[in-house]
Each structure stands twice: as C-alpha cells, then as structure tokens.
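Dock chain W against the given chain R, drawing on the hints supplied.
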Amino acid sequence: MGVMESVELPKPLKFVFNWGRKYSLWAFNFGLACCAIEFIAASAARHDFIRLGVIPFAHGPRQADLLMVSGTLTDKMAPAIKRLYDEMPEPKYVVSFGSCANCGGPYWDSYSVTKGVDQIIPVDVYVPGCPPRPEALLEGIVALQDRIQNESLPQRMEDRRPIILGTDGQLHALPAAEAAAKAAEADAEVRRQVEGVRP
Amino acid sequence: MSDLDTSEKILPGTAPAEDVIFQLEGDADFDTGEMSLSIGPAHPATHGVLRVVLDMDGERIREARPVIGYMHRGFEKLAEYRDYRQIMALTNRHDWLSGFCNELGVALAVEKMMEMEVPDRAQWIRMLLAEWNRVLNHLMFIGSYALELGAITPMFYAFREREDIQFLLESATGGRLHFTYNQPGGVKIDLPKGFLRESARLVDETRSRLSDYVDLVLGNEIFQARTKGIGALPPEVALAYGVTGPTLQATGVPEDSRVTEPYLKYGEIDVRVPTGDNGDSFDRFAVLLGRVEASLEVIDQIHDHIGPGPVNTKLPKMVKAPEGFTYVRTENPLGQLGYYLHSDGSKNPWRFKMRTPSFSNVQVLPYLLEGQLMPDAVAILGSVFFVVGDVDR
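Protein chains in written order, with this note's numbering: chain R, 14 to 212; chain W, 55 to 447.
The following block holds chain W by itself, in its conformation from the complex:
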C-alpha cells in the first residue's frame, strides 16, 4: 500500500462505467425508466435508521446516496457540558455495540493529558474486557448479516453466545451493554472472584461454537452465491475513503492499531490480524469470524499475563485535565476510533471531537452500490459494518 492510487475511479460518480442499462430483449416498449427508491429510515436492513436513496435504472443502481442524521444526538456538544467521568457514560452509547472500547478511548485521552500512571493490572483488565466486547460486537454482526440474507437461525446462535458473554461482563461491571467501568487512572473496582476462571471456560466454549457459524453460514452454498464477488472494494479506494477495521482488513491491508501503534499492553502480546483477498462481502464476513478467533487468542494470552495489584489510582474530587489538547486512537471493533480532546483546564472539555469508524465506512457506500443489482444492495449494506449511532453521533 505504498503508492496510493488516486485515479478518477475512486470518485463515486465515475465508478464501473460499463453498460448499466438493463434491457429485456424483444420488448422495446418495456419501461425501464429511472426511479428513485428510498430505503429507510425505518428499514431492517440498515441496522437502525440509516436512509439510503437509490436512483434505479430498472434493476440496476445508478446512484446511491446515504442520508445520515436520523440518529444525531449531539454527543460532541453534550460532552462540553459533562465532566470527565460523565463523558464515559455518554461515549458508551454512541457505538452501542462496543461500549467498553469507546469509554476506554476517553480514559486513555484523559490519562494522557493528566500524565497519569495506570497500574498494570488495570491495563490488563481493560484489555480483557475490550477483547470480550469485540467478540460481543462481532457476534451481533455475524448474526444480523445472516438474518439480512434470509437465515434466521444464526441470529439465535449469536445471541446464545452473546448472553453468556454479557452475563460474564455483567458480573464485573454491572452492565449488559453500557459498562461505564473505566475511570481516569484505572477501572472502577477489581474483578469479582472466579472471573478469570469463568472467562477461560467461556473462551473454550465460544471457540468450540465458532465452528457452528463456519458450517452454517460461511460454508453455506447459498450464502457464498450471494456474497462472493459482490461489493468488491479495492484496497486503495478503501484507504482513500478512510475505511478501517474489518472492512479494510478484508481488502488485504493488515491495518490494526493494536499492532501498528500499540496502546495499553498490546505491544507485549501477539495480535493476529486476519485479512481477506478480494474485499468482497464474503471476505468481510470471513474476516469478522477470523477476528473473533483472534480476539479469543488474545484473551488467552491476557489470562497468562494478568497479575495481582491495584486496579485504580486515587482521584481528586473533580477530575480536571490541564490546558492543551491530545488525540488518542484505539482499535474499536468496527475500526479506528479517535478522540480529539481539547481542554481549557476546567472540569469540562473545551472541545471533544470524535473520529468514529462507522462514519468513514458509510462514506464508501455510494462507491460500492453503484452499478450493482438491487437484490445485492442488502448484501452490501449489511457487510459494510456500521452502527448508526456511531455514524451520526
């Protein structure tokens, strides 16, 4: 990926320019005029309230325009009126499938500003829970993507695993989706007794059940027919649009900030980054499954490293970041999450800017959908992994 090819085909208006007009032979009067089709905002295939306006030419999509903002809740502005501990509760919710990883980013940013030392055990605990959260997130997408292609069963399988993992995380944090477990300088409380034993057991169980998904979904003939070669994304286009996470890795770029720019203790362990070859919908799904397996490997390593010790540092009554600014990037389940924190020395941030992975991933939709057939639109929409709250903030 050394030379970025920024040729004109990157632009959405000029992608695959072959004959996109669908014509029935022998029926010249058949009207294949253009029509505009609006998917969403309340459509199950868009994972929430994303709206995609498709300009159709018969069965072909001539142009796709994502309309975002139906879930805009003003996180960045609200963060300016919350103190640093309250921001954790807020950031939990913008990407609701990866709450722990979100709050981790804020904690790291505040610690960087305050130059805080975080105890070793707290860092390992954070990594452990972040990886479990990654598994949770990916399981949701594994289930829902199969659901969008017409298979209901994988959803129930995914939620069987999710419930077990949520039960584990709940025992430590008290939350099922939104954990609010981090605080500047560590985590709120230590893990409960027997957590690591249960976690190790769950790793084995989840790993043994992953073969279910491979048999049921990935190896499925119908699934392969619907996803292979559909929505192929070249790596240079993905990089030009700022696509990150599994969607980028499926194109063959092994970019993962846990490896390329390690934070916490990720430098001390091996993180495997699964990649794909073609960057099509099938590869994206396969990478997602591979990432679950990689996360389970990471969790195994964390179990070996985690030792006794304190889990947090004493905090002043009011956490105040010193004047200045910082940018922290972490690897969220869906890609790279960046927090730009600008403080004027008071208890609230002066500016709190988010760089969310889903927002960048959605930008590539016009490129992917252009020139595709209508039935493939859902297969593409579901495989570019995004959470609408993360898009709109």
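Pulled out of the complex, with its shape left as it was, chain R reads as follows:
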C-alpha cells in the first residue's frame, strides 16, 4: 500500500488528486456475454462514454483503474476474474454491469453460474438490467465519479460500500462493522422477546 492510501491528505490536495483520478479512468472491459455488446455500444459514437473520461483501451488489468464486469460469470470463469482483479493496482474500482453479474440474472437456478460477481470480488457500482441500456452504464459511471471526487483513500481501504443504481440510497449495503453491530442488536432483541414470552 502506498502513501496515498495510508495517509489522509490535506483537503486541497485531495481535491486535485481526486479530480484527476475521476476523469482518467482506464477501464478494463471484462466482456463475458450479452452485456459486453451493450458495453461496446456505450463506447461507440452515439453514447460515447469516452467523453466522460473513461478510456476502454487499457492493455490489461495491470494498467487499469476500473474493471467492468459485463455478463454472466460462470464457476469455470470465476478463478480467472479473481486473478485479474488481484493483478489490478490500488485504487481500483469494479462496475458490475447487468443482472447476471449482479446476482445471476435469468440463470438464478443454473448449476454452472456464479450468482453474482460480488461473491468473488468487491463491487462498487451495480447497474441493473438485462442487458442495461447504454444510458444506464453512463449513469453508473457518473455515480462512480461522484464517489471518487468525494472519497478519502484511507477510508476507502477500510470500507467499500457499493452504489446500487435505481434505489434511493436506503438499500446501500452497510459497512461490515456497522452491519455486524446491527445484526447483534437484532439478535439480542429477538432473544429478549423470546425470553420475555418464556421466562
């Protein structure tokens, strides 16, 4: 881990660094299935996410900041994606594009499909749809850029809560510590009630 990730930078410096990172996201497209076609459509002339500073020409995971998982992840493919993710340098971001990558999509009951890429690697933005329209990907990218602008890297190292498009923010997953505390509290509440009924 470098200095950037371990030390909290002064505010003006952080602003400049984040502004620079936000508009030069080199994306590594992990095109798996149908969604990869919509990803290409989003990078082509009409939708053109290159104007947002997302460059889909990363030569490999080692040169990339952003991993776009678009399509169905199968159990046979899962080790490969884990390896590619591990090869990426920090700070790295993951966009899960499409229902298959989010949760298995139409193959929710298939014997060979991994039900969501978040079982393998942490995800920053979930873009729902089967396949999502290119506009949805643009929204996802803008949401990610907003996050990058406002984030502090040391905090990010501890807590990667995802953005889920199409929700009002209530559904955002809680950071692990908070979630564990809430779960323990709920457990205790149930136990109290049960004990109250049966002393």
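Think of the hints as simulated: they come from the structure by calculation, not from any bench. Worth double-checking, as some hints may not be accurate.
[Claimed, not checked] Ranges of calculated distance between the beta carbons of each label pair, as one might list FRET restraints:
hint: 1; chain 1: W; residue 1: Tyr135; chain 2: R; residue 2: Leu65; range: 53 to 61 Å
hint: 2; chain 1: W; residue 1: Ser92; chain 2: R; residue 2: Met170; range: 32 to 40 Å
hint: 3; chain 1: W; residue 1: Pro246; chain 2: R; residue 2: Ser19; range: 52 to 60 Å
hint: 4; chain 1: W; residue 1: Arg261; chain 2: R; residue 2: Ser165; range: 52 to 60 Å
hint: 5; chain 1: W; residue 1: Asp266; chain 2: R; residue 2: Pro23; range: 51 to 59 Å
[As the list claims (entries may be wrong)] Computed list of lysine-lysine pairs in BS3-like fashion (alpha-carbon distance at most 25 Å, straight line):
hint: 6; chain 1: W; residue 1: Lys407; chain 2: W; residue 2: Lys374
hint: 7; chain 1: W; residue 1: Lys401; chain 2: W; residue 2: Lys131
hint: 8; chain 1: W; residue 1: Lys166; chain 2: W; residue 2: Lys319
hint: 9; chain 1: R; residue 1: Lys128; chain 2: W; residue 2: Lys131
hint: 10; chain 1: W; residue 1: Lys247; chain 2: W; residue 2: Lys319
hint: 11; chain 1: W; residue 1: Lys401; chain 2: W; residue 2: Lys242
hint: 12; chain 1: W; residue 1: Lys319; chain 2: W; residue 2: Lys371
hint: 13; chain 1: W; residue 1: Lys407; chain 2: R; residue 2: Lys89
hint: 14; chain 1: R; residue 1: Lys89; chain 2: W; residue 2: Lys374
Note that the coordinates shown come from a computational prediction; the quantities given were computed from them, not determined experimentally. Even glycine gets a Cβ: it sits at the ideal position worked out from N, Cα and C.
Structure of chain W alone, referenced to chain R:
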C-alpha cells in the same frame, strides 16, 4: 457436393503435412523449441471467453485446441424448468447477437407440436424482424473483424448503423438486444404506426452506407494482404464438420435453409445466397457483406407482401405442447439452428436440445489453425464467425 470426400486430411492431426519447422539460416543454435500458448479465456480476439491453446513451433502453430465451457450456463437444463413462454426469453440469450432468430425457432417448434395456424401478417412480421436481426448480427462481425485486424474505424461505422436499426426494432418490441417478441401462434403485439415506412427508409440508408465498408475494409490493400489465402477451408471439410452459415457459403456451397427448406413465407420470395470461391478469410468476410445486402433485398420484398390482419391467436392460460417430439431448423445469422423439443404433455419440455451453429463452426478451428503462422491466427479466429454463448450454451 454430391460425393463427400472423407479422406484422412479431414482429420485435424494430419492436415498440411509439409515442413512446419521454422528455422533461421546460419543460426543453428537459435531455439525454436515447442511451447504452449494459451489465448484467452479473457482475450479480445476470441469474442468473449473462448480459450484456444496453441502448441507452437517457433512462429508456426503445430496444434490448436479450443477449450470451451467458460460460458456454459446450462440452457438445456434450465429450459426443462421453464414454461414455453419463458423459454423464449431464455433462448434469446444463447446467441446474444441474434435474439429474434433464436426465439423464432422455439415459436416454430411449439407451433409445430400444437399444430397451430399462424396468421399471415404475423409470419411476415417475423420474417421482417428476423432479417433485420440478421443485418444487426452481421454488422457486428463486420465491425469487430476489422477491429481485430487493427482498424478501429469500421467498428464505429458498424455501430452507427446498429444503433439506428436497434432503435427501429425497439419501437416494435421494446428491446435492444433481447426482443422476446414472439409467442406461440404469432407475435406479441402489432407493429407500431409508421414502422414499415421507417423500415423502408432505413433499408435505403443502410444500403447506401454499405459502400463505406467495401471502400474502407474490403478494398483495403492491407486487409486483403492479411486475409486472402489465409485459413482456406475446402467445402468437403466444411460439410464433414457440420459447418453452416456464412462460413460454409464462403466455400462455395449455397446451403441456406431459407432456400433449401423454406419455413414461414420464405418460399414465396427470392432469397439470394451469396457464395465465395476459396473459402478463405477474405471470402468469409465478403460473404458476410453480401448477406447483408441479400437481407436488405429480402426486407424490400417483405414490405411489398405484408398486409393487414391479426398478428396472434388466442392462447390458453398455460401453453402445453402435446406428447411427442419435433425438430425445427431455421437459418440463424451464423448458420443452422436446430431445436429438438421433446414434450411429455406438461407445461415444461421434457428435453430441449439445441443444435447451435457456432458450436459446429468452432470445431473446425483445429483444422484451420494447424500449420498457420501465429499472426494469422487472429485473422482466422475472427473470420470463423461464432458467438461464445452459442458455443457453450
């Protein structure tokens, strides 16, 4: 193609047996030992997650082994747990570039089992959209093949056309890639007002833009140098491997089930089947362009034939195919698509077997790649048109 020549050269192990060892003169110590090179599963030249293991002898490929299964999603098993309308949504996705043609096959199979009469207008609408889908599919490959050979611009050109056509199809079906527009007995709803007018306009526009690809790609000196004579496939080998679609037509065999075994109303119109002479990468690409033009001609004819009328028939709440089995084959953009449907009379199929064109097309890769130079491998891989989801199901 009357006599099938099944000589031993068809077998991948025994193809071009000339001296494949690449040696530098005057440098006997130069190590050209064998090495194994794995392309994929995440490699842009393989259109997804196909993996090809190449045993190299210097620059020459001694043996190529495609490793499939990275996109296996279990369609055939899942179909046994879906009812017939849900299967349409599922089959849309195995060949994601030709969703409409896939679901058409299922609809035809179910109708054949249930002995349903499909209204004329519905059949014409299905043909119209299937042909547009064919154009969409071919445009994708035209763009991506040029991209693999190092030219980025044709991709943007292809997507300019694709966006327009997708917009048209979206106005009728609501989907950009996966349409789910068919249902047993017809199509879901009628075409929106002005669809045919817009479709006719788009035919003219696409046709006028096709010359761009001819000028930019097909007539390009570099493109010709990289593809002419590369990966030549003899017709008898292609037939022996079960290769269909543009890859087979490029070898000079005019096989197209729209002509040889017409379904829907294809018997009433003329379908031109472009063929090649040598079956090399260049011919395969030229046939693909020719097929786009042929599809546009078919669309023009459909515009003249399509008349008013109902577009679907009343369906029971639960579609149940009677006991028995059937096989329906249709001409998918990439070749022949067959659905074998075995029903036990319940709402789900008892067995749903797919014969997908890409699966057969990929089988011929070891034959094509053997003895070729490494830089030509990508030119061959890209010109045997396949979609990985269609290979692995």
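Going down the list of hints, with the structure as the test:
In this structure the hint that Tyr135(W) and Leu65(R) lie 53 to 61 Å apart at CB is violated, the actual value being about 41 Å. Between Ser92(W) and Met170(R) the C-beta distance comes to about 34 Å, which sits within the given range of 32 to 40 Å. Take Pro246(W) and Ser19(R): their Cβ atoms lie about 59 Å apart, and the range 52 to 60 Å holds. For Arg261(W) paired with Ser165(R), a C-beta distance near 56 Å keeps the hint of 52 to 60 Å intact.
Separated by about 53 Å at the C-beta atoms, Asp266(W) and Pro23(R) satisfy the suggested range of 51 to 59 Å. Distance restraint check for Lys407(W) and Lys374(W): the Cα-Cα separation of roughly 18 Å lies within the 25 Å cut-off, and the hinted pair is therefore satisfied. Under the criterion of a C-alpha separation no larger than 25 Å, the hint pairing Lys401(W) with Lys131(W) is consistent with the structure, at around 15 Å. Taken as a hint, the Lys166(W) and Lys319(W) pair is honoured in the structure, with Cα atoms around 15 Å apart against an allowance of 25 Å.
Between the alpha carbons of Lys128(R) and Lys131(W) the distance comes to roughly 17 Å, so the proposed pair stays at or under 25 Å and holds. Restraint check for Lys247(W) and Lys319(W): the C-alpha separation of about 23 Å stays at or below 25 Å, so the hint holds. For the proposed pair Lys401(W) and Lys242(W), the alpha carbon gap of about 20 Å is at most 25 Å, so the pair holds. For the hint linking Lys319(W) to Lys371(W), the alpha-carbon distance of about 28 Å lies beyond 25 Å, and the restraint is violated.
This hinted pair checks out: Lys407(W) and Lys89(R) have alpha carbons roughly 22 Å apart, not beyond 25 Å. The suggested pairing of Lys89(R) with Lys374(W) is violated, with an alpha-carbon distance near 35 Å, which exceeds 25 Å.
Against the hints set out earlier in the document, violations occur for numbers 1, 12, 14.
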